[in-house]
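Enquirer: The primary structure of each chain is shown beneath.
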Amino acid sequence: MICPDDFTLSQYADGELPEDEAGKLAAHFEVCAVCRKRALAFEAETRLLAESLQEIELWEPEPETVRRKIPGTAWISRLAFPLFAIAVLLRSGIDFILDKELPPVLDWLHPFSLSGFLNLIATGFFYFLEKGRGIMTALVNEVSAAVLSLLILGLLVVMIRRTRIITAAISLSAMLLVAIVPGHAVEIRKPQKEEGILGSVSIPAGETIDDSLVVFADSVDVRGTVTGDLITFARRINVAGAVQGNVITFGQNVDVRGKVDGDIIGFAQTIRADGEVGKNLWAFAQNIAIDPDGKLGQNATMFATYITVDGNVGKDITAFGAFHDISGTVGRDLNIRGERLSVHDTSVIGRDLNAWVKLEKNVQIDPSATIQGATKVELMKKEEGASRYMKIGFYFRQLLRIVGAFLAGLLLFWLLPGLKRAPLSSGRGLLASGGIGFLAAVATPIAGVILAITVIGLPLALVTLAFWLLALYLSKIVIGRYIGSTLLGNGNDTVGSTALSLLIGITIIVVAINLPFIGGILNILLMLIGLGAFLITAYRMFRGRNETEQIQESAS
Amino acid sequence: MNATAELSMSTELDLTDIYHDHHRRVFNLCAYLLNSGDAAEDAAQEVFMRVQRKIDTYNPEFPLSNWILKIASNYCVDLLRKRGKEKRLFVLDTSESLDPSSDKPSPLRDILTSEKGNRIRRAIASLNERFRTPLILAFFNDFTYDEIAETMGIPRNTVATLLFRGKQQLREKLKKENYHDLP
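Each protein sequence line maps, in turn, to chains S and X. Read left to right, the first sequence gives residues 1 to 556 (my numbering). Read left to right, the second sequence gives residues 1001 to 1183 (my numbering).
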């Protein structure tokens, strides 16, 4: 027999040669020392391969680690692309809407129109003028409490990092500490069990609820008395009794005919006030009507398509709507921003009438209406897009922006040097960052609103939103440093190089997001990616270095 | 109730045990085959879902671990195919057919008298998928050539060839590395 080739020997060592052939080979090895030696070497090779694959664990599959890693990387990176695509589409959609003129009826829905976005700021301003001090005091108290809790929490986490359960327990108690606000008793009502959520809840005429009342139902009918606040989530809300606190409603149709000592705050399709309200009306709706019998002690602030005032408002009316129909009495000023205004002959306005409209002919004031003060009608001017580049103020603002971001960035990277390892160097990292960024950018305000309407969560919601705004601001700084350091060739890690790469990166970003046409999209993309990278890095830093490396390894 | 129903009931109860007993091995196999820890996590989860679905078809005369590993191998090989990174994944190129006169092997033991484990696994991980897959199936799973052929859907001869070539490449890689590492 001639000497077998290596291919045959390999199969022989794997035990995969047919029996007769193997027998022949074995016989051959008896006489051929060279082949025998080679065969032994191949067999040893087979054993070595099996041993090194089977005996030592290459991958460390701790079940807990495996489970916790899923939300961290695998799951999100699969979602990243669709999320990112949605973000880009949304942004393009917004740009498209911005270019279009909406019919006046829908104008109040248009978040970026004058009667939408700017007016929201304007009302916010009015609101703060009146309530600002209280809000700021409360906010400062809550934020300082939150920061204190976070500091304590951070300290404890560092101290007992290894014990997850204790950490979780402490986080939870800290959250509760932040969330708890002193409050009075609250009664919560739901429909009878057999009716389910679609049932109705009614407080009959004789009944008195001696604290605040929270109701979830399809329809709510309050004919009795509530001594605290009335908070309702229902499709139809009818308040014919007396509420000594505020009425806060989320519903489709809200009708307040009874007596309310505090404010009415309403979000609905239709809001009708035809009772006596001690203080203010804050209303966001499609139709808002203050009926002839309606009487407000103080101000009415309204956002709606159709706003009708036939009743009596003690102080000012501030209204942002498409159509305003005024025939009632206004104690002081009437401020209107919107499409059309009709002031009928029966109207009495205690002081000034101020109207901001697009066309002068859209304001119709009956000559026999009584206006004690001045009447001022101003036309809203369209913004001229390109002209901003012609103003010096624009460049000054951008310079301020760069300096501000630079200083914030220095502080940020000094506090959290780990952020320099933001996962932006691979396409996958970019996508994952963008996806997570989009999730965070969208989910946080939603979570905030949900927290806020649970009443007890209001301080927590404000803190969340504050952190969210901060993260949005910092996101582009993270990206800026990455761009800068990439351009400079990210070599050493000194303060000087960080500062220089920050400055260069931020300048590039500020220029880029101010470019005409594509600036807006660039801005949102950079913000999303930066926010995601920021969150991923923060998450990794929190989880510790070992796992970070694991993820980086598997991601690469 | 017949025996199958009883079996399915008892195995259903034991699924948690099955998971605990076999998760590590399945995960390792997936990690080797897919060359990624992340992908292996997902794959292992999917494999156990399949195990759960197919538990009725398991024949208790054979070892459970073999059956599970087969499911895992099939799943991963499918995944690799779908990835389409290598269009000719398991198709042997004629130009790569055997050349008996090629270099005389100095089998691994000779190269690696002191080195073990890590370097070999690293070298395996760096192999092309179509060489890596049969090596893992043969030496991690202890599959026969026939079982590998069935799993990969290729002729037995091709399996033998791929394994032979895979070992050759490993040797070359390790030899090269050796020259680098040793002074």
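Hints are computed from structural coordinates only; laboratory data are not their basis. Being a predicted model, the structure only gives us computed values, none of them experimental. There may be inaccurate statements among the hints.
Pulled from the structure, derived: some chain S residues nowhere near chain X, Cβ distances all over 12 Å [as the list claims (entries may be wrong)]:
no.	residue
1	F7
2	E45
3	Y395
4	P516
With a straight-line Cα cutoff of 25 Å, these simulated PhoX-like cross-link-like pairs (lysine-lysine) come out [unchecked claim]:
no.	chain 1	residue 1	chain 2	residue 2
5	X	K1054	S	K37
6	S	K376	S	K358
7	S	K376	S	K391
8	S	K37	X	K1082
9	X	K1054	X	K1082
10	X	K1082	X	K1070
11	X	K1070	X	K1054
12	X	K1176	S	K37
13	S	K420	S	K391
Positions of the beta carbon are idealized from the N, C-alpha and C atoms, including for glycine.
Enquirer: Hey, K1082(X) versus K1070(X), does the alpha-carbon distance stay inside 25 Å?
Expert: Holds - the C-alpha atoms of K1070(X) and K1082(X) are around 18 Å apart, at most 25 Å.
Enquirer: The output says Y395(S) does not contact chain X. Does that hold with a beta carbon cutoff of 12 Å?
Expert: holds, 47 Å
Enquirer: Is the straight-line distance between the alpha-carbon of K420(S) and that of K391(S) 25 Å or less?
Expert: violated, 36 Å
Enquirer: Take a quick look at whether K376(S) and K391(S) sit within 25 Å of each other, Cα to Cα.
Expert: Distance of about 29 Å is beyond 25 Å: violated.
Enquirer: When you check the alpha-carbon spacing of K1070(X) and K1054(X), does it fall within 25 Å?
Expert: holds, 12 Å
Enquirer: Taking 12 Å as the cut and beta carbons as the points, is P516(S) off the interface with chain X?
Expert: Non-interface label on P516(S) holds, nearest chain X Cβ at 41 Å vs cutoff 12 Å.
Enquirer: Does the alpha-carbon distance linking K1054(X) and K1082(X) stay inside the 25 Å limit?
Expert: Roughly 22 Å between the alpha carbons, so the hint for K1054(X) and K1082(X) holds.
Enquirer: Over 12 Å to the closest beta carbon of chain X is the bar; see if F7(S) clears it.
Expert: At about 5 Å from chain X, F7(S) fails to clear the 12 Å cut-off, so the statement is violated.
Enquirer: Please verify whether K1054(X) and K37(S) have alpha carbons no more than 25 Å apart.
Expert: violated, 47 Å
Enquirer: Is the Cβ of E45(S) more than 12 Å away from each Cβ in chain X?
Expert: With a cut-off of 12 Å, E45(S) comes too close to chain X, as the shortest Cβ separation is near 4 Å.
Enquirer: Is the straight-line distance between the alpha-carbon of K1176(X) and that of K37(S) 25 Å or less?
Expert: Holds, at about 24 Å.
Enquirer: So if I understand the rule, the pair passes when the alpha-carbon distance is 25 Å or less; does K376(S) with K358(S) pass?
Expert: holds, 14 Å
In summary, the numbered hints that this structure violates are 1, 2, 5, 7, 8 and 13.
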